[in-house]
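So you can see what is in the structure, the chains are spelled out below.
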Amino acid sequence: MDLITGLFVFVLAGFVGFEVIRRVPQMLHTPLMSLTNALSGIALVGSITIVATSDSTLATVLGTIAIVASTINVVGGFWITDRMLRMFKKREPKKADR
Amino acid sequence: MDLITGLFVFVLAGFVGFEVIRRVPQMLHTPLMSLTNALSGIALVGSITIVATSDSTLATVLGTIAIVASTINVVGGFWITDRMLRMFKKREPKKADR
Amino acid sequence: MTAGVQLAYLIAAILFVLSLKWLSAPTTARRGVLAGEIGMAIAVLSTIFAIWPPANLGWILAALLMGTAIGAPMAIFMPMTAMPQRIALSHAFGALAAALVGTSEYYVAVTEGHHLSAFTMGALGFEVLLGFLTFTGSLMAFGKLQGVLPQRPITYRGQNAVNFTLMGVAIVALVWLIIDPTQTLLFPVLIVGGLLFGVLLIIPIGGADMPTVISLLNSYAGLAGAAMGFVLGNPLLIVAGALDGASGFILSVIMCRAMNRSFTNVLFGAFGQVTASSGGDEDDDRIVRSASADEAAMVLEAARKVIIAPGYGMAVAQAQHKVRELADMLTKNGTEVLFAIHPVAGRMPGHMNVLLAEADVPYDQLKEMDEVNPEFAQADVALVIGANDVTNPAARTDESSPIYGMPVLDVDKAGTVMVIKRSMSPGFAGIDNPLYYNENTMMLFGDAKQFVADIVGELSRSAAGV
Amino acid sequence: MTAGVQLAYLIAAILFVLSLKWLSAPTTARRGVLAGEIGMAIAVLSTIFAIWPPANLGWILAALLMGTAIGAPMAIFMPMTAMPQRIALSHAFGALAAALVGTSEYYVAVTEGHHLSAFTMGALGFEVLLGFLTFTGSLMAFGKLQGVLPQRPITYRGQNAVNFTLMGVAIVALVWLIIDPTQTLLFPVLIVGGLLFGVLLIIPIGGADMPTVISLLNSYAGLAGAAMGFVLGNPLLIVAGALDGASGFILSVIMCRAMNRSFTNVLFGAFGQVTASSGGDEDDDRIVRSASADEAAMVLEAARKVIIAPGYGMAVAQAQHKVRELADMLTKNGTEVLFAIHPVAGRMPGHMNVLLAEADVPYDQLKEMDEVNPEFAQADVALVIGANDVTNPAARTDESSPIYGMPVLDVDKAGTVMVIKRSMSPGFAGIDNPLYYNENTMMLFGDAKQFVADIVGELSRSAAGV
Ligand SMILES: NC(=O)c1ccc[n+]([C@@H]2O[C@H](COP(=O)([O-])OP(=O)(O)OC[C@H]3O[C@@H](n4cnc5c(N)ncnc54)[C@H](OP(=O)(O)O)[C@@H]3O)[C@@H](O)[C@H]2O)c1
Ligand SMILES: NC(=O)c1ccc[n+]([C@@H]2O[C@H](COP(=O)([O-])OP(=O)(O)OC[C@H]3O[C@@H](n4cnc5c(N)ncnc54)[C@H](OP(=O)(O)O)[C@@H]3O)[C@@H](O)[C@H]2O)c1
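So the protein lines, in turn, are chains A, B, C and D. The working numbering applies: residue 29 is where the first sequence begins, and numbers increase by one. The working numbering applies: residue 29 is where the second sequence begins, and numbers increase by one. The working numbering applies: residue 4 is where the third sequence begins, and numbers increase by one. The working numbering applies: residue 4 is where the fourth sequence begins, and numbers increase by one.
Watch out, some of these pointers could steer you wrong.
Label-pair distances were calculated between CB atoms; the ranges are [said to hold, decoys possible]: (1) S265/C to V178/D: 56 to 64 Å; (2) A75/D to A121/C: 41 to 49 Å; (3) A467/C to E402/D: 40 to 48 Å; (4) D401/D to E304/C: 51 to 59 Å; (5) R114/A to R307/C: 50 to 58 Å; (6) A58/D to V178/C: 35 to 43 Å; (7) A380/D to R50/B: 46 to 54 Å; (8) Q381/D to E304/C: 41 to 49 Å; (9) Q381/D to R50/B: 32 to 40 Å; (10) S265/C to V89/B: 50 to 58 Å; (11) R50/B to Q453/C: 39 to 47 Å.
Hints in this document: simulated from the structure, not taken from any laboratory. Yeah, the Cβ is synthetic: ideal placement off N, Cα and C, and Gly gets one too.
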C-alpha cells in the first residue's frame, strides 16, 4: 500500500465516520465513546504481528505490553458498551397508565 | 495499488455515497442524476491517459472517441445541472400577500 | 504516476464527495456543482501535465473541443421535459468511454506483450462487458423514451433461454481470457456479447419502466468506471465509480419502492404488456361527468384551498408556466394553493420539481406525498393535471390491480376532484382509473396547457368583472 | 500479507462501519456491538493464522489472557458514574499500544538494518509522538476526573513558552530522524517529548473541561492508530483509526458548541481557575427560600406536569434509582413526568441518559433540550436534581458571565422551581447561579439521593392517607 492510496482510505473512512457518527443521537453518546474505544483495540492486530514475528527481546516485551493494553480495550470496551445498551429500554406500552 | 486496497477504496466510497445520497431530498433527484452523470465523466482521465501514451492507431482512435464521449458528459452534465439548480427558488417572503 | 498527480486525484475525490454532500439542500446545491467542476478540472489538468508533453496532443485537443461543442448546446437548449432521454444518452456516452478505454488497454497490452495478471484481466473484462452492455442498453432506453422505438415490451418464447445462453457465452469467454489473456480471438466475443446483451435486456421492458432501468444503468456505468479504476490503478476513478454506482442504485430502489414493485418485476416482469386489455370495457355504464373551463373556473374561484397534482401530462404539454399562472391567480384571489408531488409522477424522480422550478414556482410550495396526503381532506379542490397512475385509488383498494399497494396521492378525499387530460385513455401503467367515475370528479378533457390557459382566461375575465 | 487475511481485514472494516451505523438508534445499537465484536474476532484470528506458527505464542496467549483478566472485571463492576474515568483510561491503553508498537518497529528496523523510507519514518514518528502524548495526557485526565490529581488548572509564567519549546524540540528530532533514520539517539527524545508534552498540555486545563479533553484525546488516539496503519501498510488500522478520530472530533465539537466555547478556549483558557472569586459575595442581601421534603412533596402532589432536570450531582449521589421511584410515584398519581436532558449535563455526553437507563427510566421519557425547553412554561414544577450550570439563567442574560451564550434548560419558566443540592456552592464552571434567588425557587438542601428518598417517603405516606 502506497502513501496516497493509504490517504484515500483514510480520507474516505473519515467521511464515512463523520456521516455515520453525526447520526448517533445524543442519548447514545456515552455508548458511542466506549464503542469507538473498543474498536480502537484493533491495535491488537499490530501488536500481535510484532510479537509473532519478533526475535528481539525488546520487541517481544513492548509488543506483549501492547497486546495486554489493547486486549483490555477490546474486552472491556465491547462488554461495557453492551452492558450500557442493555439498560436502554422503551416505555412499555401500558406503563404510563398503570 | 493492489486489489485489496482498491477494494477498500471502493467499499468505503460506496458507504460514503450511500450515506450522502440518501440525504438528497426527492426534490433534487433529477439534478442528482445529472450531477452524477457529470462526475462519471471522470473517465476522461482514463481516456486522455490512453491517447497521450499511445503509439498504436487503434488505441488513439478508440481513446479519442472515449474523450469525446466523456467530454460531452462533463460539459453537458455540469452545465445542465447548474441550469436546473438556478431555477430552484424559495418563496420570496412577500409573494403570497401580493 | 507521480505523487503530485496522485495528490491532485485525492483532492478531486474529496471535492466529488463534497459535491454530492452539498446537493442535499437547494441552498447549497449550486456550490456542489462548483465543487464538482473544480474537482474535475484539477483531475484533468494534472493528468495532462503529469505526462507532459503528451503524445497525440492534437487528437486530445480536437476531441475535447468536439465534446464541448456537442455537450454545451445539449445543455443549453435541451428542454427540461427531455431530461430522462438526455440522462439515458449520457449513460450511453459514459459507458462507451469506459468500454473503449478497456478495449484499447487490452489490445495495447497484448500487442506490446505485457502480461495481464488475472486481477487486471478480470477487471478489464468486467469493464468492457459492462460498458458495452450499458452502452446499448442506454441507447435502447433513450429510444423508448424518445419514442423512436416502440414503448411496448417485446417478449417471445424462450427469451430467457436466449439471454442466459448469451450471458453464459460471455462469461465463459471472460474466464478463458483471465486464464489465458493472449486468446485475442475471444475478446471480440466479449464486445459483441456486451453489445447484444444490452439490447436484449431492454427489449422486454416496457417504456413505463425506463426511468428505473436508467437508474440501474447508471449504477452499471458507475461499476464499469470503477473497474476502469482497478485496471488503471487509479483510486479517483474507483471513488467516482462507486459514488455513481451508489447513486443509481439508491434511486432505483426508491423508484421501485414508490411503485411497490421489486427489481425482478421491473427487469423481467414485462410490465405494461397487457396494457389495454384490462381497461375500459368492464363497466361501460359507469358515468363520467365532464365539464368546461368556465364551470371549472367557477368552482376554483369559490375554493379556499386547492391542491394541484401534476403528472406526466403536464410535462408533455409543457403546461408548467400556465399552471404557475393559475396558481398565482388563485393565490391572489385568497385561495391557499399547494402542489402535491408524487415520488414517481412524471418520467423520472424529481421531474415535476424541476419543471415547476423552471416555471418559477417556489420549492417550498411543493409538498411531498406523505406530507400532503392528510391535507386533501381539507381541500375544496384537487386539481389533477396530466397525472393518472399516481392518483389511482385502485392502488389502495383493488388487490387485483397491477399497481395495488403503490402509495398514491389521496386526491379523491378532496371536496371536488378536477382531472385535466385529453381522453379516457390510461396512463403509463396502462390501467383504468376508477377515480374518473367518482361522483365528485369533474373530467376536464383537453390538452393540459390549453385547458389551464382557458381556466386562467375565465378567471381573469371574472376578476375584471366581465 | 496474503490475500486471504487482507480480505478478512476488508470484512472487518465493513463490520466496523456497520457497527457505528447501527449505533444510530437504540433499537439496533446492540446489533452494532455484535458487528464490532465479530469484526474484531475475524481480524485477530486471521492475523494469527496468517503467520501461523507464530513466534512467542506463549507470550501472546499470556498477554491476551491478562488483558481479558483486567478488562472483563473492569467492564462488569465499573459503576456507570465512573464512565468518564474509564474512558480516559482506555484511551491511555489504546495510545500506549500504538506508541509501543511504533517503538519496537523502529528498533527492529534499525537493528536489522532495514531502510526506513521518509514516509514510513514520518508515520512512525507521528505514531510514537502522538501515542505517548495521548498516553500521559489521558492518564492526567483520568487523575483529574478520579480526583487523584487536583482539578484546578495549574498555570505558571512562561507556560506556553515551555510547551512550544518542547514541541519544537520533538519536531526537530522527528524531522532529523526522517532525514536520517539511523540517528537512534534521537528516538528517545521523541518518546520523552511525547510523554512530557502530554502532561504539560493537560496541567493548565481545569477538571471541568476534562470531558472535552478526553474526546479530543480520543481523536488523537485514533490518529495514532491510523498512523500505525500507514507504518504497517494495514488499511484496516487506517479505517479504524479514522473512525475513532472522527468520532472523538465530532463529540468534542458538540461539547464545545453546547458550552458555547471554542477549542482554543478549552485547551488554553485555564477555565475554572478564577472560580470562587466572582461568586457569592456581591449581593448578600438576596434572599434564598429553602424548604423541607414534606413541603416539596405537597407541591409535587398537586402538580399536573413535572419536568425533572438531572445533573452531575445526581450521578455523584447515585440517586438515579430513587429519582426513578419518584417519577413512577408521580406518574401513578396522574402527573405527567418528563426528564430534560441537557447535552453537557453530568461529566460526559450522554451521561444522564446512561444513568437513567440504568435506573430503568424508558428512553422515550428523556427529552433533549431543544425539544423540552418550550414545555417548561406549561410545567407546574421543574425539579432540578444536582444540576447547576446547565440551568443557569445568567447564560441567557448576563453578558459578563463566563458561560454567557451557552444554551441552558429554561427551568426558571416553570411555575415552581425546586433545586436539590447540598449547599450554595457553585457547579463545575465555578460561578454563581441567580436562579437560586428567584421568587419561585425552592432550595432543597441535602444529598440528592437522601432528599429524593425523603420526598418519596412523604408522598407514599400521604398516599397511604397517614
Ligand atoms: N417518475 C418516475 O421516476 C417514474 C419512474 C418509473 C415509472 N414511472 C411511472 O410513470 C407513471 C407516472 O404517473 P403520472 O400520473 O405522472 O403519469 P401517467 O400515469 O403516465 O398519466 C399521464 C396522463 O397524462 C395525460 N396526458 C398526456 N399528455 C397530455 C396532454 N398533452 N395534456 C393533458 N394530459 C395529457 C394522459 O392521458 P390522456 O392520454 O388521456 O391525455 C395520461 O393519462 C407511473 O405509472 C409511474 O409508475 C415513473
Ligand atoms: N457532560 C459533558 O459532556 C460535559 C463536558 C464538559 C464540561 N461539562 C460541564 O459540566 C457541567 C455540567 O453541569 P451540571 O449542571 O450537570 O453540573 P454542575 O454545574 O457541575 O453542578 C452540579 C451540582 O450538583 C451538586 N451536587 C454535587 N454532589 C451532590 C450530591 N451528592 N447531592 C446533591 N447535589 C450534589 C453541586 O452542588 P452542591 O455542591 O451544593 O451540592 C453542584 O452545584 C457544566 O458546567 C458543563 O459545561 C460537561
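Status of each hint after checking the structure:
no. : hint                         : result
1   : S265/C to V178/D: 56 to 64 Å : 60 Å, holds
2   : A75/D to A121/C: 41 to 49 Å  : 45 Å, holds
3   : A467/C to E402/D: 40 to 48 Å : 58 Å, violated
4   : D401/D to E304/C: 51 to 59 Å : 57 Å, holds
5   : R114/A to R307/C: 50 to 58 Å : 54 Å, holds
6   : A58/D to V178/C: 35 to 43 Å  : 41 Å, holds
7   : A380/D to R50/B: 46 to 54 Å  : 37 Å, violated
8   : Q381/D to E304/C: 41 to 49 Å : 42 Å, holds
9   : Q381/D to R50/B: 32 to 40 Å  : 36 Å, holds
10  : S265/C to V89/B: 50 to 58 Å  : 43 Å, violated
11  : R50/B to Q453/C: 39 to 47 Å  : 40 Å, holds
Taken one by one, the earlier hints fail for this structure at numbers 3, 7 and 10, listed in ascending order.
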